[in-house]
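If you're matching them up, the sequences are chains W and V in order.
So for the first sequence, our numbering puts the first residue at 1; every next one is plus one.
So for the second sequence, our numbering puts the first residue at 1; every next one is plus one.
Since the hints were made in silico from the structure, they are not lab data.
Because the structure is a prediction, the values reported are computed rather than measured.
We put the CB at the ideal spot given by N, CA and C, even for glycine.
The reader is advised that the hints may include incorrect statements.
[To be verified] Listed next, the stretches of chain W that the computed footprint assigns to chain V, with coverage defined by at least 3 CB atoms under 8 Å from CB atoms of chain V:
hint, stretch
1, 21-31
2, 107-121
3, 137-143
[To be verified] When the alpha-carbon atoms are kept at most 20 Å apart in a straight line, the in silico PhoX-like pairs for lysine-lysine are as follows:
hint, chain 1, residue 1, chain 2, residue 2
4, W, Lys130, V, Lys12
5, W, Lys172, W, Lys130
6, W, Lys51, W, Lys68
7, W, Lys51, W, Lys125
8, V, Lys12, W, Lys51
9, W, Lys68, W, Lys130
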Amino acid sequence: MSMENPALEIEDFERVVEQYRTRVLRFVYASVRDMDVAETLTQDCFWNAYKHRKAFRGECSVHTWLIKIAINLIRDYARNRRIQFWRKAERVHVEEIHHWPVRSISPEDKASMNEQVQAVWEATKTLSEKQRTVFLLRFVEDLDASEIAQSTGLTENTVNVHLFRAVRAIRKRLGQQK
Amino acid sequence: MSNHLSQDQFAKCVIGQSMSAERQHLTECATCSAELERFGNTLSLFRTALRDRVDAQAESRVTVLKPVSRRSAFGFSPLRWAFIASAVSVFISVPLLKREEPKPPVIENVSTDADANALMDAVNLHLSRTVPAPMERMLIVIPDDESISQSGGTQ
């Protein structure tokens, strides 16, 4: 886990990359839905963090700080290449998100799980940018409302509102697919 | 009115913003609590699938990066460096070889006085000719002016 003082933690940047790379990549991938783009943006995220590491005062955790940088990169990417962004998102194949290494699962259970995962995956696509970000940070990255607020620059109340709307929209979507 | 949680109430329960009345309902209603559990499991599956997907990508990236790490700092393989080195050596040696090529023989200029005199004689001889050199042989068959007048000449 992270050290007590995040400002000291950032000094060993190689360790920071090793520790947080997968988490940042996961969040970016879930946001942009393209692994190649996610890899590039994650790399940019760590590069930006490295360049500005002296400016990091340790007011939030390193993870929160990295997610904040990643959110800005995702936003810029979506803004600059909106057309390609959605075109690529449409191309993501059903199989792409499904990866169940556990072999003990029966084919029927696996099919059911795939269906549920795919339904959520599709439902997140319909959310607004803020709703999706908040939803992914809460339910994929396990951040609480205050951490999400720090990462996104929103207030905790606004985070909760977006989260509420996102959950409601996803459940509605899942209900439609049943 | 339904006896179960509404969409909004359900969403509040999912994000941990539920009121005491909703919590109370969940303890009493098996349908709603089962639905909440099912939704939670679905989100958990989604998280697991995403994590496994990214972990698999991270693993595959490690295997892809292994051969790259053997490369030099500039990202070129030794074979490519050898090719570049040979290309550079060819590029450098071509002008050198060109410089060492045997030059065509150059006719040396007249440098001695004897040669200069001989050349001047040849020039004078050439200038003193009444007809061009190739036509000199024809003068044998052409009679001169005197022989023409002695024989009566032609009219």
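Comparing the hints with the structure gives:
1. 21-31: It holds: at least three residues are needed, and the stretch 21-31 of chain W offers 6 whose Cβ sits within less than 8 Å of chain V.
2. 107-121: holds (count 6)
3. 137-143: Answer holds; 3 residues pass the 8 Å Cβ test.
4. W/Lys130 x V/Lys12: Roughly 18 Å separates the two Cα atoms, so the pair holds.
5. W/Lys172 x W/Lys130: holds (18 Å)
6. W/Lys51 x W/Lys68: holds (15 Å)
7. W/Lys51 x W/Lys125: Answer violated: W/Lys51 to W/Lys125 is near 32 Å, above 20 Å.
8. V/Lys12 x W/Lys51: Violated, at about 40 Å.
9. W/Lys68 x W/Lys130: holds (13 Å)
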